[in-house]
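2 protein chains.
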Amino acid sequence: MTSSIAPLTTASPEELAERLAAATRDYAALQATGLKLDLTRGKPGSDQLDLSSELLGLPTSYKDRNGVDVRNYGGLDGLPELREIFADLLGVDADKVVAGGNSSLSMMYQVVTWMLLKGGPDSPRPWSEEPTVKFVCAVPGYDRHFTMLAELGIEMVTVPMRENGPDVEAVKALVADDPTVKGMWLVPTYANPTGSVVTTEVATELMAMPTAAPDFRILWDNAYAVHHLTDDETLSADALGLASEAGHPNRPIMFASTSKITFAGAGVACLAASQENRDWYLQRLGFAAIGPDKVNQLRHVELFGDADGVRAHMRKHRALIAPKFQAVQDALGARLDGLGIARWSKPIGGYFVDLDVLDGTAARVIELAKDAGIALTPAGSAFPHGKDPDDRNIRIAPTYPPLADVETAMAGVAVCVELAALEKLTA
Amino acid sequence: MTSSIAPLTTASPEELAERLAAATRDYAALQATGLKLDLTRGKPGSDQLDLSSELLGLPTSYKDRNGVDVRNYGGLDGLPELREIFADLLGVDADKVVAGGNSSLSMMYQVVTWMLLKGGPDSPRPWSEEPTVKFVCAVPGYDRHFTMLAELGIEMVTVPMRENGPDVEAVKALVADDPTVKGMWLVPTYANPTGSVVTTEVATELMAMPTAAPDFRILWDNAYAVHHLTDDETLSADALGLASEAGHPNRPIMFASTSKITFAGAGVACLAASQENRDWYLQRLGFAAIGPDKVNQLRHVELFGDADGVRAHMRKHRALIAPKFQAVQDALGARLDGLGIARWSKPIGGYFVDLDVLDGTAARVIELAKDAGIALTPAGSAFPHGKDPDDRNIRIAPTYPPLADVETAMAGVAVCVELAALEKLTA
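Each protein sequence line maps, in turn, to chains A and B.
-12 is the number of the first residue of the first sequence in the numbering used here; add one for each residue after it.
-12 is the number of the first residue of the second sequence in the numbering used here; add one for each residue after it.
Worth flagging that the hints you see were computed from the coordinates, not collected in a lab.
As the structure is a computational prediction, the values presented were derived from the model and not from experiment.
Take these hints with a grain of salt, some might be off.
You can't tell identical chains apart in this list, so a pair holds if it fits in one copy or across any two.
[Stated by the list, open to error] Simulated pairs of lysine to any residue, SDA-like, Cα-Cα distance not exceeding 25 Å:
1) 50 with 307
2) 23 with 151
3) 159 with 354
4) 105 with 3
5) 83 with 306
6) 23 with 365
7) 50 with 217
8) 23 with 53
9) 83 with 4
10) 333 with -1
11) 357 with -7
12) 357 with 131
13) 83 with 28
Bound-form chain A, shown alone (with noise of 0.2 Å):
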């Protein structure tokens, strides 16, 4: 962050008395447009919806390449085609995969629950029967991780996002010693909401580390894996490779899912782990399905063509949603560069910008961004129960309005920062 102006922190109460006031009006005019915009959700634009249009007249064929009718019942973990090109993109063997339906985060849901109620390849017992489950959350995160874990009764443990990933020496001290640490999560690219990637070296380290539980889990959400904002394509680090070399074949299970890729919710998702965690989670999916939509697989198969047509087509989301991203960053930096009242990310991908404001006006700032027709994600959102124990985490999600409205909201974002770090500093 530039610094052009002098830190607001330590200004002289007469100039902050006069940049409230100034702050206030710049807020009374935001208010009087009337706005009604909102960067709640990771959404796809309708533009960004378009680009996959042809979807809706495909696929042409019923038929999979072994002549399979994709029409009737079968065939548990999905087409071969599709698991290839899912598994080109993720860097892993197609045999380690299983193409599933239209949730990513159903098929972390069934994971977690089948090791609640069986155990899994390593488990001594179903986590279940445990007194205690927890898992290591690092935070800001996602925050359907962290309710999922709430609603399932695991005890959530935090620890850094670091630009690099998760604080790894954190992560080793809770895992090392507690037996009832069961998992993490983890978005290794392109995180949310930090835009962290998780390095090379990180990876070893977290697949590597000892764990006093013996079926310790990494859920490796990639969910933002080819989802590129800059030429820098990042290549995720080799989860399952590095677990394997580590001897803990078992500890990472990927996932992916095309929702931010072709429709957001009619998409494909997919799985990818060892063999023996893949037989574990087929067997328990031969109990609760009969097989996947096989017509909508085939669907984005013939869409794609093969896994470099969905990066050519990754590169066309691309130019839809930077403008907006570097949109966040005109208004942000317009307003707020050399305060010292916030800082934030500048993602090379993935859906979302992190704004951190001063300790204890985040609730404020998204109070008064409400006030004026902004809807931003609830304070805390980004932390398991909804609770950032410093209050200055704000997750800002740019993609789904049209570009117009986010240079409007986030200047308008950019006063409420202001203005709230004001109002507490002036207090």
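Given the structure of chain A, go ahead and fit chain B onto it with the hints provided.
Chain B alone, transformed into the frame defined by chain A:
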């Protein structure tokens, strides 16, 4: 069953020896034809799937009637217009329906696992915290209902399935005093495999009967609600209404799908229940999923228009499969009528013919058929843990093979039934 000839069970040893020699010759001839036919699975034939081929080019729009973009996230309870179609077909209010993904089996699995992990509206505690959980299973029944319970550690107690539903007195005796009996399965219309239809009288008793468990659930799997084989288009009993009148509104949870209406595996499923159960389900679902595949839901709405569109579509199915069911009757009747060694259902809907052979010979019949190239569902599969105590039940699934194959296969099965009986009677 007519009785044109004397039953084998009263035949003299000489007559039996003669018939055994004849049946053995017939079986050898059957083997010599080198068949490769499959009657194992209740799968639609490809001509049935062709009835919905228009789906492959739908939807033409990507907005529902309220203008919601179905390509994006959201709408956990499904498209209103699809819920209305299901509601009409099931005889319930649309506000009691949740329209989901491609599998009603998965929705059933969710309900059972959530009762285990969380408990329902009337549960003193989650079922997993009870020392034992038992389900009443009418037999013969649907194998996947039973395997799901076995997987989840739920014990099964059986009652006989009658023409008008489960033996109510037997059910009442099991549920009245034992609070560990938490639920039962029911396929109310054209049951798998018996073809039974639960009458309003039986349904009334099941919904009203006292149960020791306050959270007793009847999982009302109406998979074949509109799958008529005759002009008698039986209406299912009004489970939700009857339960509500009896003061047990949360007892039944209904399930249905279009798996055997449009594409098996690429259709849409639904659940219908009391407001309290529905809220409970949706609350749990909100932690496991972001929403169903609304594009596929709209695709189905466009194909059918309304519930009458579904009914008209089902008459086309009937035209294709009723002859196959007739072929089963003809083949079995031609060889076995009057022999007193077999009886079979004459279903007026659904997907199966239920064949009972001479006690102790079902496994042998299936083995003989297999050795003649005719695959039948494994012996005992319509019973918990795959164990038919009388070794007499065989489920015939005639929809998938072409009509000529059904004729050939069933003539062969009839030979096997007689041969196995004669082997036993002459042993």
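Going through the hints against the structure:
no. : hint         : result
1   : 50 with 307  : between (34 Å within a copy, 22 Å between copies)
2   : 23 with 151  : neither (36 Å within a copy, 58 Å between copies)
3   : 159 with 354 : neither (38 Å within a copy, 57 Å between copies)
4   : 105 with 3   : neither (60 Å within a copy, 52 Å between copies)
5   : 83 with 306  : neither (32 Å within a copy, 43 Å between copies)
6   : 23 with 365  : within (16 Å within a copy, 62 Å between copies)
7   : 50 with 217  : neither (37 Å within a copy, 32 Å between copies)
8   : 23 with 53   : between (51 Å within a copy, 20 Å between copies)
9   : 83 with 4    : neither (62 Å within a copy, 57 Å between copies)
10  : 333 with -1  : neither (31 Å within a copy, 92 Å between copies)
11  : 357 with -7  : neither (29 Å within a copy, 86 Å between copies)
12  : 357 with 131 : within (22 Å within a copy, 50 Å between copies)
13  : 83 with 28   : neither (31 Å within a copy, 28 Å between copies)
Of the numbered hints listed earlier, those contradicted by the structure are 2, 3, 4, 5, 7, 9, 10, 11 and 13.
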